[in-house]
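Protein chains: 2
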Amino acid sequence: MLKQVSIRDAWKKKYPEQVVCATSVDEAGRGNIIPLGWFMPTSFQPPMCAISVGHTRYSHKLITQSGEFVVAFPAEGSEEDVHYCGTNSGRDVDKFAETGFTAASATNVAAPLIEECLVNFECQVAGKLDTGDHTIFAGGIVAAHVNEEAGRRIYNTGDYVFRAFG
Amino acid sequence: MLKQVSIRDAWKKKYPEQVVCATSVDEAGRGNIIPLGWFMPTSFQPPMCAISVGHTRYSHKLITQSGEFVVAFPAEGSEEDVHYCGTNSGRDVDKFAETGFTAASATNVAAPLIEECLVNFECQVAGKLDTGDHTIFAGGIVAAHVNEEAGRRIYNTGDYVFRAFG
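In the order they appear, the protein sequences are chains P and V.
Following my numbering, the numbering of the first sequence begins with 596 at its first residue and continues without gaps.
Following my numbering, the numbering of the second sequence begins with 596 at its first residue and continues without gaps.
It is worth saying that the hints were derived from the structure and are not from the lab.
It is possible that part of the hints are untrue.
All copies of an identical chain are treated as equivalent in the list; a pair is satisfied when it fits inside any one copy or across any two copies.
[Stated by the list, open to error] Derived DSS-like pairs (lysine-lysine); straight-line CA-CA distance at most 27 angstroms: (1) Lys656 with Lys598; (2) Lys723 with Lys656; (3) Lys608 with Lys598; (4) Lys598 with Lys609; (5) Lys598 with Lys723; (6) Lys723 with Lys609.
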């Protein structure tokens, strides 16, 4: 039986929610990482994916400036690092220095790859759509990298507690 | 160690992938269901979510025409019905008649709710972005309904095999 509830209460049903890490760079080439639950692939041909980033986030500024980002899927073992990246701002800290995440050079964009993630997609912004308090950045995927030693994807089980499934 | 691979091969790392069911209606008010892995929330205030729908899909036509859709999260027990909806077209079959999914009236849109889903969000299209072979429809969420008897969310573990997690 369906029961009408507040939209806020209904969202609690979304867990486990996927999580990805998006990286971007500032004008000096310093990399930043933001964990995002709001991600989706959005085209097969050409391959594209989309992320929603809050207007006030530092990554929003960096992606808008640079027109580029990397989307990486964090694996089991990175739970605490994802939590750290989601609860601190790149305006204040260097997330690569403060976590176990290691930056690696991408082939087509300035934003760094994350060595420990099971997959990294290099993206160039191909379209944008403002949606209330976020912007959807749609990126054309120009290169992909996998880490065969990485474990399973992790998911947010609610309240920022991450667990592997699959 | 990261290794560059084809984008196609890299996508195989995305499982388990979430799945939602989007409903829409034709001009006669007949409802249709499309399962989508490509979904994300996209704003807190106002509450919004986004889906990517292939240009050739019947649901693409219906959502474009009506400017409305419902996003529902299918629960364990609906695995076969989700598979059926994803492998048949609403141009040829009535998916509500052919599956265990039961249509219920929404309060603000003509698209039907799905009784068996753990949550249903009524959406009015507030923005669109074409992305290669899909369109991102960003919807303002105008009402939400939950089914407290429904089980856990299900995920695509690869090759359209659905399983509950959480």
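Against the structure, test the hints numbered earlier, and report the numbers of the ones violated in rising order.
-> Result: hints 1, 5 break, sorted rising.
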